[in-house]
Structures are given as C-alpha cells and as structure tokens.
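A.B. asks: Listed below, chain by chain, are the residues.
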Amino acid sequence: MSTPSTVVSPLVKIAMVSALIILGRNSIWLVDSVRLVPAISGCVLSPSSAWQVPVVQAGFADLLTSVPYSLYAFFSAFVIAGLVRLITKETNLTALLAVGSLSLFVQPLDLFPMICLLLLGMFSVSSGNAQRSALRLTMILLVALGAILFTLDFGFVLLLLILTLLECTDQRNQRIRQVIAISIITAIAVSAGLSTGFFNACLRPVSWVWLNIPTELLPSLQSPLQQKQLWPSLGVLAAFVFSVWFTRPPELQGEKRIFLSLLLISLIGIGSSHYLLLAMCGLIILLRRISLDPLKQFNHPRLAMLAIFIAAGFAFWKTDKVAVLAGETPPRLVDPTRWQTEGNVILMNLEHSSDWQTQKVSRQYKLVLDDRWDIFGNDYHDYVEVCRDLHDVRVNSYLKDDLTWGGYKRRVEKWEASLLVVESSQWATIRGLSVSPEWKVMSIDGRRTIFGLQEVPSNLEQLTQANRAIMFLEWPNKIRNFNLDETIVIGSDHDARMIANALCAMRLPYAGMRFIRNDFSRQGEKIRTSCYLELAHRVHRHSGRGSLLDQFRAVARLRDEYARGLWAKKELALIAISLQGLGLEQLAIEFGLEPEERGQWISKSRDDSSEQNGLTSNKGDQALFRDQFQQALLSGDVQACEALLAESDERMLLERVLTKSWNAKPSDLLGGMSQILKEEKLGQASVQGEAFFYVGCVALEIGEFEQAIGAFNRSQQLAPDLPFKSIRELYLSQIVQEK
Amino acid sequence: MTSSPDSTDTFRWNLTSSISKSALLFLAILSLFVVFRFNTSDVILPADRLQTLNSGWADEKRCADCHEQAETFWETGHANTLQRVDDVDSKELLEKLDIFLSDQPSNTTKVKNHDGQFVASYEHDGVESQVRLDWCLGSGTHARTWVGTLMDSRGATDLLEFRWSWYHGIDGFDITPGQPLKADPGYFGGLGVLFDAPKTRKCLGCHASYLPIKDGHIDQHHIKPGVTCQRCHGPRKAHVESDGDVRDYSWRNLDQMESVNRCAECHRRAEEQKPSEISPQNSAITRFQPVGLVQSPCFKNSKMTCLTCHDPHLSPQAQDSMGLWQCLQCHDELNELHTGCSAGHLDQCFSCHMPKVKMGESPVAFRDHWIRIRRQSEQQP
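Protein chains in written order, with this note's numbering: chain A, 1 to 739; chain B, 1001 to 1381.
Keep in mind that the hints are not guaranteed to be accurate.
Claimed, not checked - Using 30 Å as the maximum straight-line C-alpha spacing, the simulated DSSO-like pairs for lysine-lysine come out as follows: (1) A:K400 / B:K1300; (2) B:K1096 / B:K1356; (3) A:K414 / A:K478; (4) B:K1214 / A:K409; (5) B:K1274 / A:K366; (6) A:K414 / B:K1303; (7) B:K1199 / A:K526; (8) B:K1237 / B:K1061; (9) B:K1112 / A:K400; (10) A:K409 / B:K1274; (11) A:K569 / B:K1199; (12) B:K1214 / B:K1110; (13) B:K1356 / A:K569; (14) B:K1202 / A:K414; (15) A:K400 / B:K1214; (16) B:K1202 / A:K400; (17) A:K400 / B:K1274; (18) B:K1202 / A:K409; (19) A:K660 / A:K678; (20) B:K1202 / A:K228.
These are computed hints drawn from the structure, not numbers from a lab.
I would like the entire structure built from these sequences, with the hints used as guidance.
C.D. replies: Written as structure tokens, this is what we have:
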C-alpha cells in the first residue's frame, strides 16, 4: 500500500532532476528572466485580422513577460514530472530518459501548452462515476479554453483533446465525448469564416507543412533529423516509443486509433523541431494508459546508467562548451534603444523576433514581419527572396527565370526599412554587405550584426560612432572619440569569437584578432588563421608579392590545422580557392581544389621572388638559397624552412624568427624581431627595411600603434622602394591620425 | 493450470514475434515523411536567369536555321560586348595600346603579352604594380575597356577596371570613363579602379549571357560572353529539338513599362537612380537610355518602347538608327493627328531633341534619350 511519502517522493525526485537540467542550460539563470507568453505581433506587414494571444492583448500578462528563470525552471520541472508520472509511477530509467529529453528541450513559451497537456492527461482518465465524468469533461473544456487564452499553440492542445476524447472506451461516455469532439472540430471550421486569424493560429501545428516555410528564416521548423544536436533526444524518443509499442498490454494490441494517434504526433515532432517537445508530451498523454515498464527487463540497469554517464562525459570532452548540459551563455546584446534612431527592421533570422518585441524596443523599432507563420506564411517567400538578395548585395532589379524581378532596393523602400539584422555567424552575408554603399555596420554582438541604411538621417549618428569604433580597432591611433558599448558588446568567449569572425569577414583582421587574443580553442584558432589569411591577401593584393610574415603564418597554420582535421570540407573548398589566389596552386590542390578551378589563377609571368627588394635582394651566392627559403616561407612549409636553416652556414637571424612565427605569441614574435633589429645584424638596408615593416605589422596586431608608427617610419627610411611600400603607406596613413 | 503471461513473457513474446505489420507500416510512413521533409525543407525559389540559362541551352548557331534575325545578330554590339582578352580584336588593340602608352611622356604604364597572358604594369616611385588582364568589355561601338580579375581571401572574384580604354570616336585611347585624370595613390592607382565582388557580378552580368557564380566566385571558364539570343529569349533547347513546336513567348504581351524594363535590366532603370540625379542638367545619365526615355513626353504620351526605334537584332548601321522614320511614326507632318516640329523643321530631329552628349571629360558621347524640347543652354551641357 502506497503512502503519501512514497507517492510524493518519486515526483519530487523527478522534478529535482528536471529542475537541475533546466537550470544548467542557462549559466546566468540566477539573474535571467524569460517570457512565458508570446509577444503581440505588431509588424509592418501584420494584417488587422492577425490573432493575438488574448491575455497579452488585454494587457493582463505583464507579469508573465518577465519571469525569473529560476521560477520558470521550478514550474517547468514539476510539470515535466507530472507528465512523466502519467506513464510511470517510479523513478526508473524510463522516467529518467523521459525527464532528460523533456528538460533538455523545454523553452519558456512551451510552459503553458505543457500545463494544458498535463491537465488534459490528468482529467481525461475515464471514471465509472457519471457525475465525476461530467466534471472531468468540464475541466477538459476549461483546459482547452485556457490554452486558447494563454498560448499560440492551442491548436496542438485541441488536437490532443480531440484524440483523447475519441479514444474513450467507456460505452456510457463514448457518445458524449464523440459529440464534444465533433463539436470542437465544427467550431474550428466555422471560425475559418468568422476569424481567419484564429483559424490560421489553430492550424499552426500543421500549417508549416503546406506553407513550405523557408527554414533559413525559421530554423526551428527544420526537422530535428537535420539537426545533429537533437539526434540524442530523437534516439531516446524513438527507443521510448518503440519499446512501449512492443510491450503494450494485450487489450491495446488491436487499437488502430492508438496507432494513428502515435503516428500523427510523431510526424509532427519529426517534421519540425519547434514541435518536438510538445509532440513528446502528446505521446506521453496518448500512452498514459500503458504502465508497463519494459526497461525493467534489462538485467543491469546500473550498466545503462553508467553508459549515460560515459556518453555525457564524451560529449563534454569533444565540444568547446564548458559544460554539455550548461548550454551556451546567452549572448550579451547591444541595446539599440540607446541609439537616437528608429524605424522598420528586416530580421534575417526570425527566431529572434522576440528580441525586438519587448515593450522598450518596440517603441522605437518595428519588425517588417516576425516568426508568426500563421500570419505571414504567404509573405515569407517574398521576404526570403529579399534576404537572399541582401546576402548577395543584389541591389538593382534583375530578371529571374520565372520572369519576375529580383533585387532588394524596391522592396526595402516599400517596407521603409532602415535596419537590417544579420546573424553574426553569417559571415558571407556580413562580408558582402560590408562593401555595400548603402548598408553600414551599426553594431556587432555575439548573436547579431546590425546594419543601418546610410541614407536614413537618424542612423547617421550611430553609423559614425560604429565606424569610428571599428576603424579604431583595426587601426588604433591617438584619437578615441567613440563609445564602444553602443557598438560592440561581449558576454562570453563565444560572443568574442562571433565578433572576431564578423570583423575578419569585413576585411578587418587586426580588429578581429583583438577579441581572440587569449582564445586557443579550436574555433578561436580557426578564426585566427582566417585573420592571417585575410592579412596575407591584403598584403599580396597591395604589393604584388606575399608577406613572409602574414602569408607564412596563415599557410603554416592551415597546413597544421588541415592535418588535425579542424576544417570542414566546405570550408576547405573555399580555402583552396583562396590559396590559389596567393599563387599556391599545388597546395590548393592538396586542400581539395576542384579540377575545373585549376589554372584560372596562373601566377603572373614575372617572377616576383627574383627581382624585388628585400630578403631576396642579395645577389650572388646566397641568392638561390634565399629564393628557396622565401618560397618555403610563402608556401608555409615549416619543415622545409627548418631544413634549410639547418643547412645554412649563416645565422639567418630574421629567418629563424619568422620560421617560428606561425605558432608564436605575437608579443614574443615582436620581442624577437625587435631584438634582432636592435643588434643591427641584418646587414643590408633593404633587408632591415623589410624586417621593420614586419615589426610594424606585428605591433599593429597587438595594438602598439606608436611602436608600429616607429617601425614603419624606420622601414621607410631604410628601404623607401620596398615592394610593400604602398601597403606601408596605407598603414601609416591610417594610424598616424591627429585631431 | 492456467497461467497468465507475466510481463516478462509479454515482453519476450512481442520481441520474439516477427515485426508486426503495424510497426512496419509506421516505419514506412515515417520514412516517407522524413524523405518528404528533407526534400522540401530548402525552399527553391526562382533564380537569377543569368545563372540558369545554361540548363536547356541550345547551340545558337542553330537559330539562323529558321530565324533570319539570327544571321545579322552577330554583328550587333550586344553579341560582341564581352570578349576574352586574347580574342583577335582585343589583342590587336592591346598591342596598339602598348605603343600608345610607350609614347606617353611619363611612360609609366605598359601592357605586355607574356605567353598569351596580357599583363599590365605601372611603375611609380620605384615600385611596379601589375595585374593580369582577362576580359575586354564593350563591343567597340562606343569604347572597349579591359578588366583583370582578382581573388579575395574567401575565394570571391573582384575586378580591376583598367585605367585606359579605346574609343571609337577618336579611334584612340584615353582614360576610362569615371576614373580620375590623375592616378590615385596606392598599388592599383595607376592601373585602374578596384571593384568588389558584388559590383564585379553586376559588371560582367550585363556583358554575358551566362555567368556561373557561387559564393561570389565566378567560374570564368564557363562564362558565355556577349548578350546573345538566349539571354533575352531564354533557354531554347526544347524549342530547337522540337523544331519550333515548343514556344515560350517571354517577350509577348508585355506592357510598355515592362518592355522598357527588360532592356533597363542592364541599361538602368529610372526608379533605381537617386531622384536628384534625374535631371536634364546631369549628363552622366545619358549613358542610361531608359532613364531618360521614361522621362520623355514621347514615352509618357504614347506606347513607345525601346523597340519602337531599335531592332536589337540589327546593328545600328544596318537599321538606319539615325533615320527620320523613327520620329515620323508619331510626328508625320502629313498626318493631321500628329504633332509636328514647332520650329518648322522637317528633318534632323536628333540634333535638337536627342543630341549626343559627352560623358564628362571622356571622348565618349551618348545620345540623350530624354527626348524633349531643349533650351538653348542645353545644347552643350
């Protein structure tokens, strides 16, 4: 006989596990707050018939728009525990697997739908007592009403309601329940004529299928099968469903309704990760009558627990995250309400619509459209075309293969948009827009890079601030007349990497490297290499020859990282083309350059290595040796350089320092090179001049602009006609700035 | 003794039985759905025609089998508006250019042929800048300009527009329109102007019929140079293979504005210029014929389009593009419904209403398509 303590304690235990997982997903749970009800969708393209969640529209939900994360975690944990209790009364492996899956994926906006589903599950158990049945039916209908009032996904709750009503096997109540179910369906159908907004909102759980919503706008509508991070949860879900299905009690063996219900809910969950959690809850509701615990059959439950522990440890070790279950620290965001501007906003990732729909932000900014596909479903195709045109910077009209016109200018003007928000991870889009004559960067943070239209007068102030801040990061100088907080904010290492990547994509590698100075994670190293590659291209383009410093560092690192498997295939394809642009076709082929790409960038017929000033200017016996060494440096071949150094009779001081530069700290590199130059042992003025140029570059890299100015000036004195003259002058013109 | 199967037996029974039909059906439906989701999750939207023309592309030599326009088309400016740098005409001009440049007082720029590669170089302050020239833009009706392509660090294609162009009007060379008379400082200053990847795409896109581009990187091996038949008429493979049975009238039933817009895709639309730039005093817009045309009373008060006066299948010389017949379609003095010239002239319409206007300091002049009664002061803008 169970006692209250044995009944309560499994629930509390499960709730504790759940709460810990939910809290662990947010490293700032102590101070963070969340929104439990969706915001009002007041976008530029919102029709007047759009359905809004009634409690929010009526202004009753202020408390629910900023709930402490810990409180949300507490309530969610108990709701999850309650759901799990519907299928198993004990704290066993089944319960833990279910709790783990649900807790890992619950989001704040899921809480109210989950509460509705839990209540539905609790009240839908048939009872022999007619009066109690009537009471339960009433409660069920109230739950449905609550779902309509508090959530956007009431359609899913109503679907579960109908399924549970129809599955009743109690003859006495069957007819009543069927009538109620049919009435609900009829009411929904009638609403299509009375309120299209309500009807569309009701169909949200399924309408994304035929609306064919571009997942680049709403990534959460992708199938979880396409998102590797969700595979473990899917695996748990599949194991749970199949194991329960195979061990269902004999009385349920012939039930086609159960089969169809499971199928429908599974399809919804597998079709879109947005509904995966609710689908799992729905499955639990539908399976609540099965109390068999198949996993008890395993003889070694502790072995299963150990396996889970090991898997979690492996995942922790293989990722850059600090803790697998402690998710990413939410990025700190630049606050656009501090800018003296306003206007309509084009958001490229609509999942972040809620950032722009708080009361504070919505006073100044209005989204063109948001993540409400029930309202904007038909507008998304047009919108995504504009986003793709923005990605490619296709300003003016061009004819498409269906004889309609592309080009973003006309539609952006029609929407009167003045801000464009791009994910900071979308480096290709950022890179393209950074050279747009119309869009300029307003801010960069760990989540988004915001561009503003230059022709909008109110944007000018922040555009100027941002330009000054970003240019200062690239070219530090005496003038500091900007406020960085309104342009760039960092919350975590991940934020810093995003910002560094964005700046590097904007062709500002020195600026980018300042944010990853002490970041030696895999991702940080890759970004640093990208920055060196950017520098290598910059020097190559503006001098016609490779930099023995930047090109060597870039290519040597690439070789090393390629051997370690750091780069994905798609990334390597771009790197290969990039290496070809530096004249390294052979290496590009090793990196996977496609055959049809080869030969396009045949190096110029003039041999750059032979007739230039600098390290190769030594005519005579050493010329060939220095040429070989230079080629080895330019192709990033560390082993070849070391072999050549070992063969050489001379001290080759600068070459020794350069050979070690690829994995040396910039400050150490600067120290080494400065020391050599101080000792004046390099010989020829041209060689010294080139060395001083490299010293200036490294000084710039670590922010020592005064030292950089000194080095560049000295380089100018010693080697006025250095091949790097143009870029040296460019660097000097940027960092020597007086008021 | 009857025994009810305990839970272990039930579990074993279900596991050991063959996979039930219902489970198979479940899996089958789920798999189909998954395949459906994977195939539909990426929305395929209409693409830039310039990137898709290559699929269903017909051999354009076949067009002349049935269409006499195709015989004359290859003499037009459109057909010859882009050539590889080593094409006959381009090579010849580059050789002349090198001679021209060597005769210049400062003698700082050279264009040399190194084993089939044309490399332009510029010496300044002891430093030599170089760029390989890859393409020649322009048919020569007005001018020809060379460009060199460069790779950026992410594989995208940038362009260098060479500083020197050849002009038909003077049968000689001068600074490329839009470039400064005095070379800018910097490595490329004396060689020309750098264009980033989006602008490169725009430039080459208006001189080609197929431009394979991915992530900003242009596959130059597969460019189809020139604005040829299928650039305007679309892929014609099905049409050719069916001996003309398959037809697709992409140019029929266009309204006036849409007809002009088809040409304006490259020749520029008025609505995409800054309003302040659309002014009779602004000579820079004369090279954008549709911009001026749509401002004209002639356009606004009639059904006039580019095709009213121009047959794109014929060269300007072949179609008498300077003839009176174009204006007489609407301004025939003998027709009482028509409006004639208030100054009493019966010919030489162009000289007053569509004069040629020079583009800044460059030798090239374009006929001003803003057809209007011009003030005396406008005759020489």
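A.B. asks: Work down the list of hints and note, for each, if the structure agrees.
C.D. replies: How the hints compare with the structure:
1. A:K400 / B:K1300: holds (27 Å)
2. B:K1096 / B:K1356: Cα-Cα ~27 Å, so holds.
3. A:K414 / A:K478: It is violated: about 43 Å lies between the C-alpha atoms, which goes past 30 Å.
4. B:K1214 / A:K409: holds (22 Å)
5. B:K1274 / A:K366: holds (26 Å)
6. A:K414 / B:K1303: holds (27 Å)
7. B:K1199 / A:K526: This hinted pair holds, its Cα atoms lying about 29 Å apart.
8. B:K1237 / B:K1061: Answer holds: B:K1237 to B:K1061 is near 12 Å, not above 30 Å.
9. B:K1112 / A:K400: violated (40 Å)
10. A:K409 / B:K1274: holds (12 Å)
11. A:K569 / B:K1199: The hint holds at about 28 Å.
12. B:K1214 / B:K1110: Violated. B:K1214 to B:K1110 sits at ~33 Å, over the 30 Å cutoff.
13. B:K1356 / A:K569: With Cα atoms ~55 Å apart, B:K1356 and A:K569 exceed 30 Å; violated.
14. B:K1202 / A:K414: With a Cα-Cα distance of about 23 Å, the restraint between B:K1202 and A:K414 holds, given a limit of 30 Å.
15. A:K400 / B:K1214: Holds, at roughly 16 Å.
16. B:K1202 / A:K400: holds (15 Å)
17. A:K400 / B:K1274: Measuring from Cα to Cα gives roughly 24 Å; hence the hint holds.
18. B:K1202 / A:K409: Status holds; Cα separation ~15 Å.
19. A:K660 / A:K678: holds (19 Å)
20. B:K1202 / A:K228: violated (38 Å)
Taken one by one, the earlier hints fail for this structure at numbers 3, 9, 12, 13 and 20, listed in ascending order.
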